[in-house]
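Enquirer: Residue numbers (this note's numbering), protein chains in the order written: chain A, 1 to 252; chain B, 253 to 474; chain C, 475 to 693.
In short, the hints are calculated from the structure, not lab data.
Any given hint could be a false lead.
[To be verified] One-sided and incomplete, this derived list gives chain B residues near chain C with beta-carbon spacing under 8 Å: (1) I267; (2) A292; (3) G329.
Where a beta carbon is used, it is the ideal one built from N, C-alpha and C, also for glycine.
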Amino acid sequence: MEITASRTTRLLGFSVLAGAALLVFLAFVATDADVRIDANSGDEIGQFDAVRLIYVHVPVALIAYFAFFVTAVGSAMVLVKRSVWWDLVAGASAEIGALTAGLALVTGSIWGRPIWNTWWEWGDVRLLTMLVLFMLALGYLAVRKLEGTAEERAKRSAIVGLLLIVNVIIVNRSVEWWENDTLHQQSTIADATIEDLTLFTLFFSMVLGLAAYTWMLIHRFRLAWLERQDERFGLEDALKRRREEATQGGPT
Amino acid sequence: MFAEIVLIAAKDLRIEWRSRVSLNQVAPFAVLILVLFGFALDADRATLSNFTPGLYWVAILLASILAVHRSVGVEAGEGAREGLLLSGLRPASVFLGKTAALIVQLLVVAIALLGGVVLLYEASIEEPALLVVSLIGAVLGVGAAGTLYGAILGGQRARETVLPILLLPVLSPVLIGATRSFGAAMGTVAADGWAWTGALFGFAALYLALGVVSHGILMEEN
Amino acid sequence: MSVIELDNVVVLLGRFPALAGATLRVDAGEAVLLQGPNGAGKSTLLRLCAGLLRPERGSATVLGIDLSTNRQSIRPRIGYVGHLSMLYDDLTVAENIRFWGRAAGVSEAQQKAAIARLQIEERLLDVPVNRLSAGQRRRTAIAVAASRRPELWLLDEPHAGLDQSGRDIVDSLITDAAAAGGAVLVASHELDRVGPVVDRRVTIAGGMARDQEDPQHVR
Numbered sequence: 001m002e003i004t005a006s007r008t009t010r011l012l013g014f015s016v017l018a019g020a021a022l023l024v025f026l027a028f029v030a031t032d033a034d035v036r037i038d039a040n041s042g043d044e045i046g047q048f049d050a051v052r053l054i055y056v057h058v059p060v061a062l063i064a065y066f067a068f069f070v071t072a073v074g075s076a077m078v079l080v081k082r083s084v085w086w087d088l089v090a091g092a093s094a095e096i097g098a099l100t101a102g103l104a105l106v107t108g109s110i111w112g113r114p115i116w117n118t119w120w121e122w123g124d125v126r127l128l129t130m131l132v133l134f135m136l137a138l139g140y141l142a143v144r145k146l147e148g149t150a151e152e153r154a155k156r157s158a159i160v161g162l163l164l165i166v167n168v169i170i171v172n173r174s175v176e177w178w179e180n181d182t183l184h185q186q187s188t189i190a191d192a193t194i195e196d197l198t199l200f201t202l203f204f205s206m207v208l209g210l211a212a213y214t215w216m217l218i219h220r221f222r223l224a225w226l227e228r229q230d231e232r233f234g235l236e237d238a239l240k241r242r243r244e245e246a247t248q249g250g251p252t
Numbered sequence: 253m254f255a256e257i258v259l260i261a262a263k264d265l266r267i268e269w270r271s272r273v274s275l276n277q278v279a280p281f282a283v284l285i286l287v288l289f290g291f292a293l294d295a296d297r298a299t300l301s302n303f304t305p306g307l308y309w310v311a312i313l314l315a316s317i318l319a320v321h322r323s324v325g326v327e328a329g330e331g332a333r334e335g336l337l338l339s340g341l342r343p344a345s346v347f348l349g350k351t352a353a354l355i356v357q358l359l360v361v362a363i364a365l366l367g368g369v370v371l372l373y374e375a376s377i378e379e380p381a382l383l384v385v386s387l388i389g390a391v392l393g394v395g396a397a398g399t400l401y402g403a404i405l406g407g408q409r410a411r412e413t414v415l416p417i418l419l420l421p422v423l424s425p426v427l428i429g430a431t432r433s434f435g436a437a438m439g440t441v442a443a444d445g446w447a448w449t450g451a452l453f454g455f456a457a458l459y460l461a462l463g464v465v466s467h468g469i470l471m472e473e474n
Numbered sequence: 475m476s477v478i479e480l481d482n483v484v485v486l487l488g489r490f491p492a493l494a495g496a497t498l499r500v501d502a503g504e505a506v507l508l509q510g511p512n513g514a515g516k517s518t519l520l521r522l523c524a525g526l527l528r529p530e531r532g533s534a535t536v537l538g539i540d541l542s543t544n545r546q547s548i549r550p551r552i553g554y555v556g557h558l559s560m561l562y563d564d565l566t567v568a569e570n571i572r573f574w575g576r577a578a579g580v581s582e583a584q585q586k587a588a589i590a591r592l593q594i595e596e597r598l599l600d601v602p603v604n605r606l607s608a609g610q611r612r613r614t615a616i617a618v619a620a621s622r623r624p625e626l627w628l629l630d631e632p633h634a635g636l637d638q639s640g641r642d643i644v645d646s647l648i649t650d651a652a653a654a655g656g657a658v659l660v661a662s663h664e665l666d667r668v669g670p671v672v673d674r675r676v677t678i679a680g681g682m683a684r685d686q687e688d689p690q691h692v693r
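Throw the hints in and build the complete structure from the sequences for me.
Expert: What follows is the structure, given as structure tokens:
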């Protein structure tokens with residue numbers, strides 16, 4: 001039986017798991033909640049425990065953008081080199097990208113509830129860009145599932161994949177301009193004084209996120225590759241069956 | 253090349269003139285959306301005239317989905333797509349020709365809808381020049397992007413359901429820009445309408461270029 | 475000189491191998507009948523030769539051009555008549571012939587000649603295609619192809635739906651094209667009808683075409 005794991009990916013997978021355990025420790029135990037004393041009133045202010053969400057939110061948002069960057073690179077390679085390999089990479093990366101973009105929206109929303117006092121904030125360009133990215137991603141994945149031969153699908157998806165990045169940039173620019181123009185409430189992240197350990201944890205979470213992305217990408221890619229191989233073997237079979245029609249006097 | 257573009261555009265417009273799909277179905281659909289907004293917003297005059305630009309452009313975008321379907325459907329029916337391939341026309345000409353025809357049809361719909369908002373929402377037009385130029389810029393962008401994404405889906409059976417989720421997010425910048433420009437032209441918001449109009453033309457130019465470049469790859473079946 | 479040369483060609487429609495190793499050669503000045511049961515791969519073979527499909531395996535050369543590299547360039551030199559009419563329903567017969575003529579750079583004289591050749595009645599010219607009968611559509615579709623004066627004719631069941639005079643016209647198109655040094659590949663079930671006007675028969679079954687060893691030379 002074919003499996004998608006190898007010695008390297010197992011090592012990578014275990015490292016990600018161990019890293020995740022370490023991140024949980026860092027995020028919930030080692031680092032402090034964001035609590036400060038207001039100089040004037042003497043009240044406790046800050047983000048309190050909600051700040052711990054950034055150790056998930058920031059890496060998933062980062063991976064979402066990185067994943068679609070990889071999709072764009074893969075799409076370009078499909079068009080330039082007619083490479084099936086890159087088509088599978090682009091597709092695998094987009095699936096992870098859609099997942100992480102969705103997670104980034106959800107975690108952002110959960111964080112926004114206590115901090116901004118709202119689940120959704122129209123005044124934040126990052127939110128809107130991420131939302132449109134998520135929708136464009138769903139469109140891209142829908143296009144990947146359309147009918148056609150492998151080459152046809154690869155070519156079509158590659159064009160949509162390249163356009164996706166172009167569209168994200170256009171949306172980002174226009175939303176930013178729109179917000180400044182509309183005098184929406186501007187997003188303000190309370191300028192927390194980031195401590196060394198908090199900073200390290202954030203940095204660590206991003207590295208871990210990229211490692212997890214790589215791990216998932218490799219597995220998803222190998223799975224897609226096996227599916228493609230299966231189609232190949234399927235072709236030999238189909239050819240054999242097709243040729244047998246000739247001796248049996250046509251299909252029944 | 254120019255002759256080819258005119259040939260394709262004239263063909264699509266002639267077909268439209270015969271069948272009147274845009275005129276008799278798409279334009280009424282767009283006006284119907286305005287009426288529905290009127291019901292949904294409790295026919296509150298102040299609200300309606302305040303939000304006229306946004307409601308107008310949402311109606312246009314939804315109507316444009318139908319227009320794109322029709323534009324693609326014309327080729328999908330009796331295998332004309334293959335006829336175009338067999339006749340040796342340049343794919344870029346086909347793209348530009350079909351885009352031009354779609355733009356003309358959308359302009360007709362847009363003008364009908366303009367009458368609709370003036371009548372139904374009592375929209376007042378303070379800056380007609382800005383209104384007209386921004387309308388052209390926005391429709392150019394919708395036409396170019398619509399034709400490109402229509403070609404991506406081609407004769408696919410899933411086209412009807414995939415086109416909206418594919419095209420509408422892409423057109424969201426057009427919605428923002430056109431709404432701002434119209435808001436400025438109608439005096440409902442204080443925005444730099446001309447700057448937004450410039451952005452609309454930029455979007456249109458980008459999508460025309462992208463369509464010209466990619467249509468050759470898309471027209472070939474495999 | 476060979477106009478079509480296929481060697482063990484595989485063509486996929488989606489994942490289905492419609493052609494599973496087709497070998498065929500058609501020379502200039504030759505009219506060849508492609509015969510075989512439904513679903514044998516006749517239409518796919520014609521579409522491949524028209525440059526509409528990509529060979530997955532094997533080598534395919536048409537009009538001296540390798541189909542896996544540059545099949546765009548041969549298309550305007552081919553007269554392909556398929557199952558779909560490739561006509562615009564809302565345009566009239568004359569408008570369709572004019573549009574497709576201009577698209578392929580065909581002169582008006584050639585368009586008129588094609589209309590005359592197919593004996594399309596004057597009164598039909600201004601009728602929208604969606605009001606035509608199947609046979610009249612077929613005539614119009616063949617007229618579009620004929621106006622290009624193709625070097626290679628690819629006819630898929632060209633007699634289907636045609637009346638007696640239409641069938642005679644198709645037969646004369648086939649013989650005339652071959653006599654003028656062109657090549658014709660015609661797929662048909664009407665073996666008795668087409669048999670006499672072709673030089674040779676090729677049988678296709680299970681996506682495999684094989685030249686008949688003992689060609690029934692009628693002419």
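Enquirer: Against this structure, judge whether each hint is valid.
Expert: Now the hints, each set against the structure:
{"no.": "1", "hint": "I267", "in the structure": "holds, 5 Å"}
{"no.": "2", "hint": "A292", "in the structure": "violated, 36 Å"}
{"no.": "3", "hint": "G329", "in the structure": "holds, 6 Å"}
Checked against the numbered hints above, the structure breaks only hint 2 and satisfies the rest.
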